[in-house]
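Visitor: Top to bottom, those sequences are chains A and B.
1 is the number of the first residue of the first sequence in my numbering; add one for each residue after it.
1 is the number of the first residue of the second sequence in my numbering; add one for each residue after it.
Please keep in mind that the hints were generated in silico from the structure rather than gathered at the bench.
As the structure is a computational prediction, the values presented were derived from the model and not from experiment.
No residue lacks a Cβ here, since even glycine has one placed at the ideal position from N, Cα and C.
List of simulated lysine-lysine pairs, DSS-like, C-alpha gap at most 25 Å: (1) B:LYS130 to B:LYS90; (2) B:LYS130 to A:LYS22; (3) B:LYS135 to A:LYS22; (4) A:LYS20 to B:LYS135; (5) B:LYS90 to A:LYS20; (6) B:LYS91 to A:LYS20; (7) B:LYS130 to A:LYS20; (8) A:LYS22 to B:LYS91; (9) A:LYS22 to B:LYS90; (10) B:LYS130 to B:LYS91.
Here are some chain A residues pointing at chain B (derived, C-beta under 10 Å): (11) SER11; (12) LYS20; (13) GLU204; (14) GLU206; (15) ASN207; (16) ARG208; (17) VAL209; (18) THR210; (19) MET212; (20) THR216; (21) MET217; (22) ASN218.
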Amino acid sequence: MKRHNFGTVVSFEFLRTVTKPKFWIITLAVPAFLAIVIGLTTLGAKATNSATNNKFTSLTFTYTDPGHWIVPEVAKAMGGTLAADPAAARAAVQAGTSEANFDYPSDPGTGAITVMAKDVGLVDSAKYAPYAQGVFRASITAKIGDPALARWATTTPTTDVLTYADGVQSPGFMGAIAPGIFMLVFYLTIMMLGNQMLNVTLEEKENRVTEMILTTMNPATLIVGKVVALSLLGVLQAVLVSLPIFLGSRLFGTAFDLPNLDLSQVPITPLPTLIGFLLFVGGFMLFSGLLVAIGSVMPSAREAGSAFGAVILCMFIPLYALSLVVSDPHSVIVQIFTYFPLTAPITAMLRNALGSLSVVEAGVVLVILFATAAAFLWLGVQLFRTGSIAYDRRLNIGKALGLGRKAA
Amino acid sequence: MTSTDCVLDVRDFRMDFGATTVIRDLSFDVRRGETFGLLGSNGCGKTTTIRALLGIYTPTAGTLLVEGKRYEPGSGVRLGYLPEERGLYKKEPVLDVMTYFGRLKGMTRSAAQTWSQGYLEAVGLSSHAKLRLDKLSGGQQQKVQLGVTIMNDPDILILDEPTKGFDPVNRRLLMDLIEERRRAGATIVIITHQMEEVERLCDRILLLKDGKAEAYGTVADVQDQYGGQAIRLGFSGVLPTSTHFRVVSAETNYAELELTEGSEPTPVLRELLDAGVEVRSFDATRISLDEVFLRVYGAEASTEGDATPRQAVA
Chain A
1 MKRHNFGTVV
11 SFEFLRTVTK
21 PKFWIITLAV
31 PAFLAIVIGL
41 TTLGAKATNS
51 ATNNKFTSLT
61 FTYTDPGHWI
71 VPEVAKAMGG
81 TLAADPAAAR
91 AAVQAGTSEA
101 NFDYPSDPGT
111 GAITVMAKDV
121 GLVDSAKYAP
131 YAQGVFRASI
141 TAKIGDPALA
151 RWATTTPTTD
161 VLTYADGVQS
171 PGFMGAIAPG
181 IFMLVFYLTI
191 MMLGNQMLNV
201 TLEEKENRVT
211 EMILTTMNPA
221 TLIVGKVVAL
231 SLLGVLQAVL
241 VSLPIFLGSR
251 LFGTAFDLPN
261 LDLSQVPITP
271 LPTLIGFLLF
281 VGGFMLFSGL
291 LVAIGSVMPS
301 AREAGSAFGA
311 VILCMFIPLY
321 ALSLVVSDPH
331 SVIVQIFTYF
341 PLTAPITAML
351 RNALGSLSVV
361 EAGVVLVILF
371 ATAAAFLWLG
381 VQLFRTGSIA
391 YDRRLNIGKA
401 LGLGRKAA
Chain B
1 MTSTDCVLDV
11 RDFRMDFGAT
21 TVIRDLSFDV
31 RRGETFGLLG
41 SNGCGKTTTI
51 RALLGIYTPT
61 AGTLLVEGKR
71 YEPGSGVRLG
81 YLPEERGLYK
91 KEPVLDVMTY
101 FGRLKGMTRS
111 AAQTWSQGYL
121 EAVGLSSHAK
131 LRLDKLSGGQ
141 QQKVQLGVTI
151 MNDPDILILD
161 EPTKGFDPVN
171 RRLLMDLIEE
181 RRRAGATIVI
191 ITHQMEEVER
201 LCDRILLLKD
211 GKAEAYGTVA
221 DVQDQYGGQA
231 IRLGFSGVLP
241 TSTHFRVVSA
251 ETNYAELELT
261 EGSEPTPVLR
271 ELLDAGVEVR
281 SFDATRISLD
291 EVFLRVYGAE
301 ASTEGDATPR
311 QAVA
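Isolated chain A (complex conformation) (with noise of 0.2 Å):
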């Protein structure tokens, strides 16, 4: 491979994407819209809970109690008054002199608060349950005498669990974040990039430009100088829309109840790290072939584009399986979808992060990778060669690759 055409392959390639105004308008549109979207929803979020507290200061109810869960000092300081007939009381709130009845169960384990009040819109009518808890809540509360063992007695305390293996203190759930993230990549490049990977051969081919590149360059210098553009472009594209968020949820997270992105609590486990990166790049390399060779055959984008799905189907069908990947990383099924290289991927990363997968599995997994990988490259490079040239039809890969050919 030539490293001048490669270089000039990959600059042309990056260069002519990001100077187009759409490349930025549509990689930042989605930061932004996210930006939209969470600020209008915890403005609006905030507005009806502030409407919904003001407006809960001044009720007053009605009340029964057979089972007398109700303190009535604490009903009363709340607005309630117990209802000396329980008929009359509801009847008040249908003709709309009064404003609520609470009828409180006998058995609160089996029976529920039925509550009969004035119709005030469909967000402001919300008050009135939590209202009526409220005052159970707090009568209960009372009754118990010690506000604070009232309240460890309707709450689970959380919990941490410290494992440990080989004398070394496992790292648990918060591992799997770290090689699990890999599958997250992958998932989210093969979103991004995917169509833009079927096209790395169409646009020569729909351009009729492939003559002329062929005598000025090898297929191979220009198809791998494509994919590494991509592959830019795609960084490029990760770091535009993470870091507004990033950015975002530090500078106003607090503002807008954003959760605190705080990598550093994050463990590293060096291995199953490694593991997850090489099956990424692993499943990258072998997609990014599989696309190219499809790209070859086909003769328009519109035609690649029912096979693209074929390949996203393929890719992303472990996940169809996932409660038997966590609970069975060893049955047949899971066993299959972990060797076979178009669900290999998926399959592998999940079982990686999980840890289910051990050192030899991963090895056997990551040669069958990138050797599939290897395979669809350069079956892609040797489809595009005449692949490309069959400028209306779709290729006879047969005779692409010169199968059935008569002996020289």
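Assemble chain B onto chain A, guided by the hints.
Guide: Showing chain B alone in chain A's frame:
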């Protein structure tokens, strides 16, 4: 001829696609500095031969050499190729596309840009340099395509159906560019159906028929092989029957006569005058390549029209 005189060398070339043999036992060479015509009817294997010569196809058998070795892009041979199927990156600016191809042909970025700007200026497209190619008219795109072909001053120029689809302005431009490269000592191979162009430009030709060499040599050699000398006659009267010539075509006051083997023009003129024919013009020449083409391909050529040649790979 020394080995350094031979720029393109094809020996015993055969090309099969599946069970179909497209080319068989083809041998020819193209010498340095000459203009060579590769002729034939549609589907006879001309484009396949060029693609195999340029390494796009792998030959089933035989050797195809460019400057003494199998052609590989980037091997140092300065080659310009105008394929029959033409196209460039249509959504990119003109100057960017030309610069890209210049760099692929070994020029530096600045040299490629300078050359491209000079060329665009020369063909009246300097104001279009920043425009996307698909914003240009068909004729303007053809000019850009020609520019890309001759970038880096190629020593070998291969033109497949060069005037196909070209308007008269671009046809003239192409002819000027060919002439310019010819004067600069470049070796030129033209694949064409246009016999006028062949007669005007080519030193030697090869006629392919059904994947085999039907005729090969200088234009005069091939003309001799298919009828030798002809006489274009302006006359009045009745043409006599003669053993010295055969009437190829005859109209009221014009006829084309083909001389029989061993005959010379002078006895024919004497015979015509003796027969009382009033001769107004007597032009002794060779049979036209158009006539040769018709004789070689006959009905096959006449039914093909100007259709795009069938591609060899199905």
